[in-house]
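Starting from the given sequences, assemble the full structure and let the hints guide the process.
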Amino acid sequence: MANDREPGDLERRRRDLEAALAARRPEESSEEGTKTRNAGGYGNALRLSSEFIAGIVVGAALGWFIDRMAGTSPWGLIVFLLLGFGAGILNVLRSAGLVAEFGSRAPGRGDIDPREKK
Amino acid sequence: MANDPIHQFQISKLIPIEIGGLDFSFTNSSAFMVAVVAAAGAFLYLTTSSRGLVPSRMQSISEMSYEFVASMLRDAAGSHGMRFFPFVFSLFMFVLVANLFGLFPYFFTVTSHIIVTFALALLVIGTVIVYGFWKHGLGFLKLFVPEGVPAVLVPLVVAIEVVSFLSRPISLSVRLFANMLAGHITLKVFAGFVTSLSAFGLAGAAGAVLPLAMTVALTGLEFLVAFLQAYVFAVLTCMYINDAIHPSH
Numbered sequence: 001m002a003n004d005r006e007p008g009d010l011e012r013r014r015r016d017l018e019a020a021l022a023a024r025r026p027e028e029s030s031e032e033g034t035k036t037r038n039a040g041g042y043g044n045a046l047r048l049s050s051e052f053i054a055g056i057v058v059g060a061a062l063g064w065f066i067d068r069m070a071g072t073s074p075w076g077l078i079v080f081l082l083l084g085f086g087a088g089i090l091n092v093l094r095s096a097g098l099v100a101e102f103g104s105r106a107p108g109r110g111d112i113d114p115r116e117k118k
Numbered sequence: 001m002a003n004d005p006i007h008q009f010q011i012s013k014l015i016p017i018e019i020g021g022l023d024f025s026f027t028n029s030s031a032f033m034v035a036v037v038a039a040a041g042a043f044l045y046l047t048t049s050s051r052g053l054v055p056s057r058m059q060s061i062s063e064m065s066y067e068f069v070a071s072m073l074r075d076a077a078g079s080h081g082m083r084f085f086p087f088v089f090s091l092f093m094f095v096l097v098a099n100l101f102g103l104f105p106y107f108f109t110v111t112s113h114i115i116v117t118f119a120l121a122l123l124v125i126g127t128v129i130v131y132g133f134w135k136h137g138l139g140f141l142k143l144f145v146p147e148g149v150p151a152v153l154v155p156l157v158v159a160i161e162v163v164s165f166l167s168r169p170i171s172l173s174v175r176l177f178a179n180m181l182a183g184h185i186t187l188k189v190f191a192g193f194v195t196s197l198s199a200f201g202l203a204g205a206a207g208a209v210l211p212l213a214m215t216v217a218l219t220g221l222e223f224l225v226a227f228l229q230a231y232v233f234a235v236l237t238c239m240y241i242n243d244a245i246h247p248s249h
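Protein chains in written order, with the working numbering: chain A, 1 to 118; chain B, 1 to 249.
Any given hint might turn out to be false.
What follows is a set of in silico ranges between Cβ atoms, one per label pair, in the way DEER data are often shown [unchecked claim]:
#1 A199/B <-> M69/A: 28 to 36 Å
#2 A213/B <-> A19/A: 49 to 57 Å
#3 G97/A <-> V149/B: 15 to 23 Å
#4 D9/A <-> V130/B: 28 to 36 Å
#5 P74/A <-> F227/B: 41 to 49 Å
#6 I78/A <-> V152/B: 16 to 24 Å
#7 L122/B <-> M69/A: 16 to 24 Å
#8 I185/B <-> L93/A: 49 to 57 Å
#9 D9/A <-> T219/B: 50 to 58 Å
#10 D9/A <-> F26/B: 54 to 62 Å
#11 G78/B <-> W75/A: 18 to 26 Å
#12 G71/A <-> E67/B: 50 to 58 Å
#13 I185/B <-> R68/A: 28 to 36 Å
#14 G52/B <-> L17/A: 15 to 23 Å
Every beta carbon over 12 Å from chain B, so not counted as near; a handful from chain A, in silico [what the hints assert, rightly or not]:
#15 A20
#16 I56
#17 D67
#18 G71
#19 G86
Calculated from the structure, these hints are not laboratory results. C-beta atoms are modelled at their ideal positions from N, C-alpha and C, and glycine is treated no differently.
What follows is the structure, encoded as structure tokens:
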């Protein structure tokens with residue numbers, strides 16, 4: 001019985017295997033997520049601080065550049081440093097998974113976006 | 001000099017080349033980049049060349065790295081994102097192998113220089129911007145306008161979103177570079193304690209066991225960081241590519 005399989009039987013088994021693999025995929029990825037989260041407390045700290053600093057640095061650089069181009073010193077630097085501060089906070093909240101991602105809907109009704117960024 | 005923790009990051013010219021006043025020298029950094037690409041390419045090519053249906057150990061390492069990156073990209077960017085698979089996989093393998101190469105004694109760590117990681121991050125963000133505009137035209141700019149924001153606040157929110165977007169390559173590159181730099185300096189400093197303590201006779205040598213144990217532990221941590229940073233770099237690349245493919249959900 002095991003030896004004389006129809007070609008259709010093989011097709012069916014392949015489909016079953018694919019379905020089983022597809023069912024396993026999300027499990028595996030969530031397992032991966034918890035593993036990296038446990039290991040990455042130190043990585044998390046570095047990540048959040050680098051996000052925040054990057055926002056401020058880019059804001060200051062943009063402001064300085066605009067001032068040089070347009071001769072509006074020091075207003076560009078002041079305004080863009082503040083914007084950069086805002087962007088830094090936004091980056092941190094975003095990578096902590098507390099704010100919606102780029103381009104998606106703002107979390108309405110006061111709820112927190114459950115999707116988490118890794 | 002033997003105890004200088006920064007010395008390991010010095011660039012030295014192996015073959016000085018100068019074209020039109022610009023320095024194109026082949027440095028030790030370039031040599032290690034070539035070595036990284038050659039090692040990663042040779043590993044993937046040689047391990048998969050037998051094409052065993054039942055993979056050997058080495059072949060299953062290659063297949064696992066493929067599956068790992070493929071599922072990461074599919075989760076983040078959907079099946080449309082799979083056209084970027086060669087790009088993401090090359091980046092992941094380059095960063096991973098460069099990080100791991102850096103853990104060999106006397107080897108140069110390519111990713112501990114910010115110019116290298118920044119160039120990689122610019123490549124990522126350049127791809128995102130070019131593909132986003134090519135695919136969606138000006139619709140790509142919707143990325144910067146979250147829905148449901150009051151009209152009065154839109155200019156402010158857009159300005160903040162733009163700065164936040166521009167800060168991505170910086171944070172992407174600084175994270176990788178800072179992790180590698182800090183890790184290698186820490187390792188070197190603790191290893192240096194071992195030699196300088198053991199110069200103080202028997203008591204010093206007994207005390208040197210502590211930094212030695214620390215160095216062993218840190219080496220393990222560095223292996224973790226090497227994998228983790230390559231993973232983080234690839235995951236964030238996937239998420240940025242997702243923004244380019246779907247600027248508004």
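Going through the hints against the structure:
1. Here the CB-CB span from A199/B to M69/A is close to 57 Å, at odds with the stated 28 to 36 Å.
2. Separated by about 50 Å at the C-beta atoms, A213/B and A19/A satisfy the suggested range of 49 to 57 Å.
3. Judged by the Cβ atoms, the range 15 to 23 Å given for G97/A and V149/B holds: they are separated by roughly 20 Å.
4. Remark: the range hint 28 to 36 Å for D9/A to V130/B is contradicted by a beta-carbon distance near 48 Å.
5. Checked against the hint of 41 to 49 Å, the C-beta distance between P74/A and F227/B comes to roughly 45 Å, which is consistent with it.
6. Between I78/A and V152/B the CB atoms are about 21 Å apart, so this pair conforms to the stated range of 16 to 24 Å.
7. Taken as a hint, the range 16 to 24 Å holds for the pair L122/B and M69/A, whose Cβ atoms sit roughly 21 Å apart.
8. A C-beta distance of roughly 31 Å is found between I185/B and L93/A, which places it outside the suggested range of 49 to 57 Å.
9. Checked against the hint of 50 to 58 Å, the pair D9/A and T219/B passes, with Cβ atoms roughly 53 Å apart.
10. Between D9/A and F26/B the C-beta distance comes to about 60 Å, which sits within the given range of 54 to 62 Å.
11. Between G78/B and W75/A the CB atoms are about 43 Å apart, so this pair departs from the stated range of 18 to 26 Å.
12. At about 55 Å, the beta-carbon gap between G71/A and E67/B stays in the expected band of 50 to 58 Å.
13. Take I185/B and R68/A: their Cβ atoms lie about 35 Å apart, and the range 28 to 36 Å holds.
14. Evaluation of the 15 to 23 Å hint for G52/B and L17/A yields a pass: the beta carbon distance comes to about 18 Å.
15. Its beta-carbon lying about 15 Å from the closest one in chain B, A20/A satisfies the requirement of being farther than 12 Å from that chain.
16. Interface exclusion of I56/A from chain B breaks down, the closest Cβ pair being 8 Å apart, not more than 12 Å.
17. Distance check for D67/A against chain B: the nearest CB is about 15 Å away, which clears 12 Å, and the non-interface claim stands.
18. No beta-carbon of chain B is positioned within 12 Å of the beta-carbon of G71/A; the least distance is around 20 Å.
19. At roughly 5 Å from the closest C-beta of chain B, the C-beta of G86/A falls inside 12 Å, breaking its exclusion from the interface.
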